[in-house]
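Undergrad: Now for the letters of each chain:
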Amino acid sequence: MIVGEQKTIAEIKEIIAPYSRVLVLGCGTCVKTCFAGGEDEVATLTSALRLAYNKDAKQISLEEFTVERQCEDEFIQEASAAISRNDAVLSLACGAGVQAIAKRFYKVPVLPGVNTTFIGMLEKHGLFTEECLGCGDCKLAVFGGICPIARCSKKLLNGPCGGSQNGTCEVDPETECAWQIIIERLTSLKQLDNLKKYIAPKDWRSSNAGGPRKLVREDHII
Amino acid sequence: MQPNITIFHCINTFADGNFLPVGDNVNCELNMVKLPCSGMVKDVFLLRAFESGADAVIVMACPEGECRHVEGNIRAQKRVEWTKKILDEIGLDSRRLTLVNISPGDVNSAIDAIQQTISSLADFIPNPPATVRETAVA
Chain A
1 MIVGEQKTIA EIKEIIAPYS RVLVLGCGTC VKTCFAGGED EVATLTSALR
51 LAYNKDAKQI SLEEFTVERQ CEDEFIQEAS AAISRNDAVL SLACGAGVQA
101 IAKRFYKVPV LPGVNTTFIG MLEKHGLFTE ECLGCGDCKL AVFGGICPIA
151 RCSKKLLNGP CGGSQNGTCE VDPETECAWQ IIIERLTSLK QLDNLKKYIA
201 PKDWRSSNAG GPRKLVREDH II
Chain B
1 MQPNITIFHC INTFADGNFL PVGDNVNCEL NMVKLPCSGM VKDVFLLRAF
51 ESGADAVIVM ACPEGECRHV EGNIRAQKRV EWTKKILDEI GLDSRRLTLV
101 NISPGDVNSA IDAIQQTISS LADFIPNPPA TVRETAVA
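Chains as they are written, first to last, in my numbering: chain A, 1 to 222; chain B, 1 to 138.
FYI, nobody ran anything at the bench for these hints, they're computed from the structure. It is possible that some hints are incorrect.
[Said to hold, decoys possible] Dumping the calculated DSBU-like pairs for lysine-lysine here, alpha-carbon to alpha-carbon at most 30 Å: (1) 13/A <-> 34/B; (2) 78/B <-> 154/A; (3) 34/B <-> 55/A; (4) 85/B <-> 124/A; (5) 154/A <-> 42/B; (6) 58/A <-> 34/B; (7) 34/B <-> 154/A; (8) 84/B <-> 154/A; (9) 124/A <-> 78/B; (10) 78/B <-> 55/A; (11) 42/B <-> 58/A; (12) 139/A <-> 85/B; (13) 155/A <-> 78/B; (14) 55/A <-> 84/B.
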């Protein structure tokens with residue numbers, strides 16, 4: 001899933017400052033799971049903003065609404081009426097959701113309330129870890145399902161750097177050494193020979209280094 | 001004008017907080033919200049209590065290690081800490097929100113917590129919704 005983190009209240013107040021009627025629009029998919037922009041977070045943020053504006057003796061109208069998924073037009077349409085009642089939309093979706101709203105409602109300012117951070121997984125309740133960079137050329141089969149691009153601080157493809165200590169990365173001791181995990185996993189899978197193959201330098205054109213990417217599924221396009 | 005305090009309490013601390021026998025010991029308006037477990041408390045509930053005019057909010061949870069639902073009181077503590085950060089961020093002083101661990105039926109500790117909260121209210125800036133409430137009543 002896409003992991004995001006809500007911006008600070010101070011930054012959000014600055015972003016919405018020019019507007020007097022703001023729709024706080026949540027997304028019920030990825031950002032809900034990472035506690036950044038679901039229905040609950042919309043309610044909490046709106047309540048906190050109301051308290052903050054009350055304290056500053058400022059008047060602002062804040063409306064709450066959450067759609068199932070902000071990156072899909074058919075879900076976005078449910079918010080049409082609420083969007084039309086307001087001067088601006090503070091979207092608590094990921095960057096894709098913010099832009100989907102902006103594309104659909106061309107004349108309405110759409111403002112981000114969340115910093116989209118990475119593609120990750122729920123390691124345990126409340127802890128999210130980055131697992132994928134979306135590089136567009138997956139090699140997980142070689143590395144036993146552990147991605148050295150996303151999880152090795154140096155993005156090494158042909159073995160460990162030798163700097164890890166007790167299974168942790170020398171760049172950040174809070175990070176597990178991806179290569180330690182790769183070797184342990186391949187050993188248990190009896191696939192350690194995978195690492196005898198030379199992996200050529202990565203061609204980053206399949207990632208966003210080659211410009212904005214598109215995925216076309218001809219069988220679904222009419 | 002009496003201070004307004006909202007108390008979220010686990011039903012295992014008091015079966016029904018409305019019967020908390022505060023008597024003349026406590027000079028405040030109490031709004032009691034009972035929860036099946038203190039772990040049910042959420043940041044938005046606490047913030048909305050302040051929005052509704054509470055001068056202070058107290059969460060009454062079972063002592064650590066005594067939660068009937070194992071970790072509800074620990075979750076309540078975490079959520080209170082999280083909400084305190086929000087209150088500080090918006091400049092409302094997080095000290096107006098507290099969590100106290102109270103053994104089942106320990107009325108004296110509950111009254112102590114309320115009295116301590118009332119005496120500390122003088123140090124805080126007024127909660128604007130509470131000021132509005134006061135003006136409306138006046």
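Undergrad: Sort out which numbered hints this structure fails and list those numbers smallest first.
TA: Violated: hints 1, 2, 5, 6, 7, 8, 12, 13.
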